[in-house]
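Colleague: Chains as they are written, first to last, in my numbering: chain A, 1 to 408; chain B, 409 to 488.
Among these hints, one or two may not hold up.
What the hints assert, rightly or not - Some chain B residues flagged as far from chain A (calculated, every beta-carbon gap over 10 Å):
1) V427
2) H433
3) I438
4) D445
5) E473
6) G475
7) G483
8) G488
As the list claims (entries may be wrong) - Straight-line alpha carbon distances no greater than 25 Å define the calculated DSS-like cross-link-like pairs of lysine-lysine that follow:
9) K8/A - K364/A
10) K415/B - K8/A
11) K364/A - K259/A
12) K88/A - K415/B
13) K311/A - K88/A
14) K82/A - K364/A
What the hints assert, rightly or not - Listed below are several chain A residues computed to face chain B (Cβ distance under 7 Å; list not exhaustive):
15) V23
16) C188
17) N292
18) A403
Just so you know, the hints here were simulated from the structure itself, not pulled from any lab data.
For every residue, glycine included, the Cβ atom is placed at its ideal position computed from N, Cα and C.
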Amino acid sequence: MAFLNGLKCRECGREYPADPLNVCDFCFGPLEVVYDYATISEVVSQDSIAKGPLSIWRYKDLLPAEADDPVDIMAGYTPLIKARGLGKTLGLNNLYIKNDSVNPSFSFKDRVVSVAATKAIEFGYQTIACASTGNLACSVAAHCARAGVRAVVFIPSDLERGKIIGAAIYNPVLVSVDGTYDQVNRLCSELADDYPWAFVNINMRPYYAEGSKTLGYEVAEQLDWRLPDHVVVPSASGAMFTKIWKGFHEFESLGLVGKVNTRMHLTQAEGCSPIVEAYNNNTLHVRPVIPNTIAKSLAIGNPADGIYALKTIQESNGTATATLEEEVVQGIQLLAEMEGIFTETAGGVVISGLRRLAERNIIKSDELTVAYITGNGLKTQEAVSHVVNPVLTKPNLEAFEEALHARA
Amino acid sequence: MSIKRIKFTFPTGLITEPVIHRLGHEFQVITNIRRADVREEMGWVVLELDGDEEEIERGLQWVREMGVRVDPVSGDIIEG
Chain A
1 MAFLNGLKCR ECGREYPADP LNVCDFCFGP LEVVYDYATI SEVVSQDSIA
51 KGPLSIWRYK DLLPAEADDP VDIMAGYTPL IKARGLGKTL GLNNLYIKND
101 SVNPSFSFKD RVVSVAATKA IEFGYQTIAC ASTGNLACSV AAHCARAGVR
151 AVVFIPSDLE RGKIIGAAIY NPVLVSVDGT YDQVNRLCSE LADDYPWAFV
201 NINMRPYYAE GSKTLGYEVA EQLDWRLPDH VVVPSASGAM FTKIWKGFHE
251 FESLGLVGKV NTRMHLTQAE GCSPIVEAYN NNTLHVRPVI PNTIAKSLAI
301 GNPADGIYAL KTIQESNGTA TATLEEEVVQ GIQLLAEMEG IFTETAGGVV
351 ISGLRRLAER NIIKSDELTV AYITGNGLKT QEAVSHVVNP VLTKPNLEAF
401 EEALHARA
Chain B
409 MSIKRIKFTF PTGLITEPVI HRLGHEFQVI TNIRRADVRE EMGWVVLELD
459 GDEEEIERGL QWVREMGVRV DPVSGDIIEG
């Protein structure tokens with residue numbers, strides 16, 4: 001059973017039942033799930049978690065949905081690998097990569113959507129919807145296929161074909177909206193009010209966002225119940241960043257790990273960096289921007305959780321870094337060439353941000369550091385198409401050796 | 409009749425302008441502020457608009473043309 005007491009407004013503190021709501025009726029602040037931690041502490045232990053399935057549902061007692069029969073395509077429990085090659089290049093002896101690009105639909109979104117879909121079905125919804133430019137669309141469509149419910153996925157009409165196929169293959173109702181980013185945003189906001197659908201990041205948002213806590217839990221468990229000194233995280237809405245921090249604190253309060261001393265480092269690409277801009281201006285005011293970045297999975301110009309991400313940075317003595325657009329591709333290539341991991345543009349942002357943090361000595365060489373890689377490079381191949389430069393040869397040994405010699 | 413929950417973000421140049429007052433006077437729209445943070449360099453206001461749907465849209469279009477950013481209260485909904 002789920003140990004949640006209900007929902008609570010993050011701004012005015014008003015409480016609500018655990019319904020499909022995301023905004024406080026009084027102050028329009030965002031709602032967050034409230035748990036019964038006293039009961040959770042009686043049932044959760046390192047052993048109980050270790051006996052769970054190899055997916056996010058091993059942490060079922062800390063998730064806000066009934067877990068008897070979750071919508072589970074085995075999201076989570078992704079590899080945490082020691083990055084010796086990349087670490088050596090960056091001067092970091094204790095660097096790990098949390099490789100969340102190998103989730104079933106190839107991004108961390110499977111974690112949040114698995115929770116949202118399970119909760120939506122618990123509420124009785126027969127249709128689950130989202131608006132997306134890529135990863136979220138794929139994940140919603142995949143989970144709905146698994147659950148046998150209808151998916152309605154809204155995409156901008158100019159979305160790259162590869163991303164459309166990645167969602168369409170699961171046979172959702174795919175709605176291609178001929179309009180600007182803002183117009184698609186507005187349309188979906190209105191639909192969420194009018195249609196009896198579970199929009200994963202609108203009326204399901206309080207539940208949906210909790211799935212990202214598992215990124216914190218897993219790293220702690222995989223580090224043998226320790227927390228890192230630093231984490232480096234890509235950020236769009238800011239929600240995942242705050243939920244990793246929440247996950248660390250929940251583990252601390254349940255006695256599963258020691259005191260949280262992790263410094264949280266947020267990264268965005270320069271072309272859409274409203275949270276970094278606020279951090280640099282030493283304010284909690286996030287000024288919305290019009291996204292113009294190749295890191296499209298991070299292209300949220302008006303981040304709903306920006307202020308909470310900034311507070312997390314403050315609480316953790318963390319930082320926020322914007323990487324130059326050209327550094328995004330450099331980061332993708334560096335991770336691929338050093339560690340054999342092909343990430344999408346958001347991962348390139350993280351690796352380039354990590355490099356800056358190491359160069360500025362904010363992360364010191366022996367400190368335990370985890371960089372979160374949240375999406376797969378196969379989704380943004382166009383960003384790195386220039387790497388294709390094969391050795392050309394006729395089909396004989398002499399020609400091959402000559403061509404190889406010329407390349408060397 | 410329709411009710412909309414909206415967030416206005418004001419650039420520095422419009423901080424001192426009575427935009428919400430004029431919205432309520434020049435359009436048949438009732439404005440009801442729920443939360444706000446306005447400073448010298450920028451400000452945002454979260455409010456409810458009550459009125460005929462077309463009139464609210466006309467009012468919001470005028471607010472946009474004034475240079476104020478208009479968003480749903482939930483922030484951006486499209487995700488990567």
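Colleague: A separate judgement is required for each hint: does it hold in the structure or not?
Modeller: Evaluated hints:
1. V427: holds (16 Å)
2. H433: holds (23 Å)
3. I438: About 16 Å separates I438/B from the closest Cβ of chain A, which puts it past 10 Å; holds.
4. D445: violated (7 Å)
5. E473: holds (14 Å)
6. G475: Per Cβ check, G475/B is outside 10 Å of chain A; nearest 13 Å; holds.
7. G483: violated (3 Å)
8. G488: Label violated. Min Cβ-Cβ 3 Å, cutoff 10 Å.
9. K8/A - K364/A: Status violated; Cα separation ~39 Å.
10. K415/B - K8/A: holds (21 Å)
11. K364/A - K259/A: Status holds; Cα separation ~20 Å.
12. K88/A - K415/B: Violated - the C-alpha atoms of K415/B and K88/A are around 47 Å apart, more than 25 Å.
13. K311/A - K88/A: Given that 25 Å is the threshold and the Cα spacing comes to 32 Å, the pair is violated.
14. K82/A - K364/A: Distance of about 16 Å is within 25 Å: holds.
15. V23: holds (6 Å)
16. C188: Interface hint status for C188/A: holds (5 Å vs cutoff 7 Å).
17. N292: With Cβ-Cβ at 14 Å, over 7 Å, it is violated.
18. A403: For A403/A, the interface hint is violated, since the closest Cβ of chain B sits about 40 Å away, which is over 7 Å.
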